[in-house]
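Residue numbers (our numbering), protein chains in the order written: chain X, 1 to 497; chain A, 1 to 467.
By construction, these hints were calculated from the structure, which means they are not laboratory data. There's no promise every hint is true.
List time: in silico DSBU-like cross-link candidates among lysine-lysine, alpha-carbon distance up to 35 Å [unchecked claim]: (1) Lys23/X x Lys64/A; (2) Lys21/A x Lys50/A; (3) Lys467/X x Lys450/A.
Being a predicted model, the structure only gives us computed values, none of them experimental.
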Amino acid sequence: MQRPEIRFAPSRFLNEIGEVEVKRAVSSCINCGMCASICPFGVHDRKAGFNRIAKPLSYLCIGHACEDEPFYCVDQCPRKALSLVENPLYRTIGDRRWTRDLILGTWKQAETGLPLTGLRYEIGDSGGGFDRIFFTFESAERGDAEERGMISTAINLNKRAGEQLKIEVPFYGGGMSFGSISLSVMLARAKAAQAWGTFTCTGEGGYPEPLRAYDDNMITQVATGLFGVSEETIQRVRIVELKYAQGAKPGLGGHLLGDKVTADVARMREAVPGCSLFSPFPFHSVYSVEDHEKHIDWIKTINPEALVSVKVSTARDVDMVAVGSYYAGAHIIHLDGSYGGTGAAPDIAKKNIAMPIEYAIPKVHAFLKEEGIRDKMTVIASGGIRTAYDAAKAIALGADGVALGTTELVALGCVRCGSCESSRGCPRGIATTDPELTRALDVDWGAQRLINLYASWRSTFVEILSKLGMRSVKELVGRYECLLHLDYLTEKEVRTD
Amino acid sequence: MPRKYNITVLPAPPRVPPPGKYVIVRSEECINCGRCTHVCIYGVHQRLEKDPRCLAEPESQRCKGCFRCVQECPRTALTLMDNETYTQLGDSYWTPEIITTTWYQAETGKVPVSGAGYAGPFSGSGFDGMWTDMSEIVRPTRDGIHGREYISTSVDIGGNVRAITFDDQGKIGVPLPRTRSVPLPIIFERPPFGRSEPVYAAVAKAAAALDTVMLVDAEEYCERSYAANLVPVFVAAEPGHARKELESCLKTAPMVEFTYDRAVLKVVADARSITPGSIISVRVPSGEAVEEIVAELVAGGVEVIHLCADRNGRTLESTESRFVTDMIRTVHRYLVHLKMRDRVTLVVSGGIALPEHVAKAVLCGADLTAIDVPLLLALGCQYCRDCLHGRACPVGLKDLDPDYGAQRIVNLMAAWRNQLLEILGAMGLREVRRLRGEVGRAIVCEEIQKETFDRIFVKEVFNHAKA
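Could you build the full structure based on these sequences and the hints that come with them?
Pasting the structure below:
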C-alpha cells in the first residue's frame with residue numbers, strides 16, 4: 001500500500017502552547033537576526049521582506065535543555081534581549097489521564113508526523129493501568145532500516161470464514177456521532193482513514209450524505225436509539241457495529257443535550273431540534289444471547305458481506321459476553337473501557353461504572369482462548385488509549401487492535417476542557433455542530449493532522465516491534481512476557497531499575 | 001406499583017458566587033482589538049460598557065478553560081491560570097471538585113454531565129477503590145433514567161420478623177414491628193459544624209419535603225416543628241435527666257436514637273417499657289471490634305444500628321483506622337454469618353460526599369446512609385471551617401433564608417436520586433433494597449487486579465502456567 005504523505009500541519013490557532021515561553025524585550029532587540037540564524041528549531045524567524053524579527057514561536061523551543069548548546073539564543077543575543085521563562089499555560093493544561101505532555105505531544109505528532117521519545121510522552125499520571133505497565137525490551141537494538149521496513153503493522157479484522165479484511169495499522173476510529181462532533185471532523189477522520197487504509201465509525205447519529213465517498217472506510221453503528229439507521233446505510237458499509245454499551249457511560253444510553261440538536265442533527269436523527277436525545281438502554285429487543293444472535297442475523301440478512309462488530313463495555317462478565325457474541329456470529333468484539341468517551345456523560349457513570357479496559361482485555365483474551373475460539377474472533381479495545389504505547393500495551397495484553405476517539409480529537413486541537421456537551425458545544429470547533437464554531441476547522445487540515453498522527457503511531461509501533469524482535473504486530477497479541485507492571489516488581493527490581 | 005416518588009426541583013442560585021476554576025489575566029500588551037470577544041462563547045471577554053473602545057476585565061468566573069482566547073490573541077496578552085481560590089477549597093477529602101459539584105446540584109437539581117471522558121486518577125482509596133458493575137445483553141437492565149422504567153429508591157428503617165404465622169382466622173399471628181419508610185436511602189445527620197437556627201430549619205424543612213428524617217439533639221427536639229421528620233438523639237449515659245423528654249419524644253418521633261454505652265441495652269429496654277412499638281436506634285462509633293458490639297446489640301433486640309465514622313470516612317479505632325467501606329463489609333458479613341442480618345437496619349454515616357458513595361456503602365452492606373457535610377455544602381458552605389475557630393462564616397450561613405436553604409437541599413437530593421437511578425439501572429436493579437450487600441456487583445480494584453493481573457505479572461505464577 002502507498003503510505004500517505006506526511007505534511008507539516010501547524011496549529012489552527014495563532015499561539016500554540018508550549019512548555020516554555022521565549023520572551024523578546026522589544027526595547028532592547030535591534031533586529032540583528034542572530035537568533036533566527038542560529039536556532040535550529042525555527043523559534044525565531046525573519047520573514048522574507050521584513051525588517052523585524054517575528055514573534056518567537058515558543059512552542060518549538062526545547063527549553064532549558066538548550067542551555068548548554070552553542071545555539072542557545074538567550075546567551076547568543078548580542079543585546080541580551082531574550083529570556084526563557086516557564087509558560088504559565090503549560091501548568092494549567094492537562095489532567096491526570098491526559099497530562100500536559102500527552103496533550104502537547106499529541107499536538108506535536110499531529111503537526112509533524114514524527115514520534116516523540118521520552119517517558120512523559122508515553123504515560124499519563126493516572127497512577128494505575130497503562131501508566132504502571134511497561135515493555136521489557138530484551139535489547140535496545142532497533143534493527144537496521146531495511147529490517148524495520150519489513151515489519152508489518154497490518155491486522156486482519158475478519159478471522160472467520162470469508163474474505164479477509166486487512167487494515168494497514170492496528171487501529172481504527174471509534175464511533176463518534178454526527179451531533180456530538182461536526183461534519184468537518186467526521187470528514188477529516190474519514191479522509192485520514194481512507195489514506196491509511198483503515199476505518200472510522202459514524203457513531204449512532206446517522207450517516208451524513210457527504211460521507212458516501214468514503215463508504216469503503218466507514219463503519220456504521222446500530223445503537224439503541226437507531227438514529228438515522230436504515231437498511232440502505234447498513235448496505236453501504238463493510239463493517240456494521242452493534243453498540244450495546246459505551247465506555248463513557250456504561251449501562252446508560254447515548255446523551256445528546258438539547259443545545260446540540262441543531263436543525264441538521266435533528267433531521268439526520270429524525271428528531272425535534274432543541275430536544276435532548278437520550279438513547280434507551282439497553283436494546284429492548286435483546287435480553288439474551290439468542291436475541292443477540294437474532295440481531296446479528298438481521299444485519300447479515302441486510303448486508304451479507306459486512307463484518308459485524310459488537311461494541312460492549314467492560315462489565316464483570318464481559319468475557320462471557322465476548323464468547324456469546326462469537327456464537328451469535330459476530331466477527332469483532334469491541335471492548336470499550338470506562339476512561340474514554342468524547343461526548344456528554346454523567347460524571348457519576350464515567351467515574352464509577354464498569355472496570356478499566358486494562359483488566360477487561362486479558363480477561364476476554366484468556367476466556368476466548370480457553371474456549372478455543374481466540375483465533376476466530378477479533379478483539380478491539382478502546383476507552384483510554386492515548387498513545388501508541390497504550391495501544392501496543394493493549395495488544396500485548398490480548399487485543400488485536402484498538403479504536404481511537406479522544407486521541408483523534410486531541411490531534412485536531414482538543415484541550416480536554418470537558419465542555420463538549422454544554423451550550424453550543426466545543427469552543428474549539430471540534431465537538432460541536434454550531435455553524436459558526438464548525439468553521440474553525442478545515443477538513444483537509446484535519447485530515448492531514450490525523451494522517452500525521454497515524455504515521456507517528458505507526459513509526460512507534462515499528463520501533464516497539466523491532467525492539468521486541470518481532471516481524472508483525474500480530475505476533476504481539478497476548479504476549480504477557482513482554483510487559484511488566486510496577487505493582488509487581490520486587491523491591492530489588494525497583495531499585496536496580 | 002407504589003406511587004411514583006417525585007422531587008420538585010426549583011432553581012436556587014448561589015448567594016455568594018462560587019469561585020471559577022480559572023483566572024484569566026490580561027496584560028498591558030492588549031491593544032483592545034476585541035478578537036477575544038469574538039472567539040469566547042462563554043462571554044468572558046466583553047467591551048467596557050462605559051467606553052467600548054476598551055475591553056473590560058475578563059469575567060474569569062465564566063471561563064471553562066478552553067484556551068481559545070489565549071491562543072488567538074494577536075498580542076499574546078492573555079494568560080489562563082488555575083484559580084487558587086478554587087484549588088484551595090476544602091481539603092484532600094472534601095476536594096474542590098466535590099464542593100463545586102455539590103453547589104451545582106444544589107442550585108440546579110441536575111445530574112452533572114461533562115464531556116471528554118474521565119480525567120481523574122485510575123483508582124484511589126476508600127470509595128474510589130471500587131467500581132460498580134453493569135449489565136449488558138445477557139442480564140436484563142433497567143432504563144431508569146427519566147423514569148422510563150420505575151426503580152424504587154425507598155428503604156425501611158426498623159425491625160423485621162423472621163417468620164409470619166397465621167392464626168385460625170387467617171390473620172397474622174405475630175406482632176409486626178413498626179417501620180419507617182424513607183423514599184431515599186439517605187437520612188440527614190447533624191452537621192459537624194456551622195450549626196445555627198436557620199441551618200437547622202432549612203435541613204428540617206428539606207427532610208419534611210423529601211419525607212426523610214433528620215437527627216437532632218434531644219434537648220432541641222421539642223422546640224421544633226416537623227416532629228414527624230425529626231429523630232432525637234439521646235446520650236445513653238445520662239438517661240435519668242432526660243426521662244421526661246424521652247417519654248414525650250417516644251410518642252411523637254418516628255424513631256429515637258441513643259448513643260452507645262455499655263449499659264445501652266438497659267436504656268433501650270427502659271424505653272421499650274414506655275412505648276413498646278417505637279423504633280429505637282443505637283449509634284455506635286466505629287472502633288475496635290465494632291462488629292461484635294453490633295451483634296450483641298442486635299441479639300439484645302436493637303432493630304436499628306447507626307454506624308458512625310468521622311467526616312472523612314475514617315473509622316475511629318485508636319490504632320489502625322480503616323475506611324468506612326471496609327467496616328461496613330466486616331459488620332455486614334459478621335451479621336450474615338450469625339444469621340442476624342435481616343433483623344437490623346444498618347445506617348452508616350461519615351464520608352458520604354457523593355451519590356456514588358451512597359450506592360457503594362449500600363453495596364458493601366449498609367441499608368442506608370446518613371449525610372452531614374453535603375447538607376452544609378448545599379446551603380453554600382465553602383468548607384473553610386472558619387466557624388470552628390470562632391471566625392465569621394464567609395457566606396453568612398446564619399442569615400440564610402430557611403426556605404431557600406431547604407430548596408437547595410431538595411435540589412441536591414433530586415440530583416443524587418437521579419444518579420442513584422443511573423447506577424441502579426446500569427446494574428439492572430429495580431430497587432435499592434436489592435443492592436444491599438451485593439458485593440458481586442462491585443468491582444473492587446484490589447480484587448480485580450489480583451484476579452486478572454496476577455497470572456500475567458507474577459513471574460512464578462506465569463512460568464508455572466506456561467509449564
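Output the numbers, in ascending order, of every earlier hint that fails for this structure. Every hint satisfied by this model.
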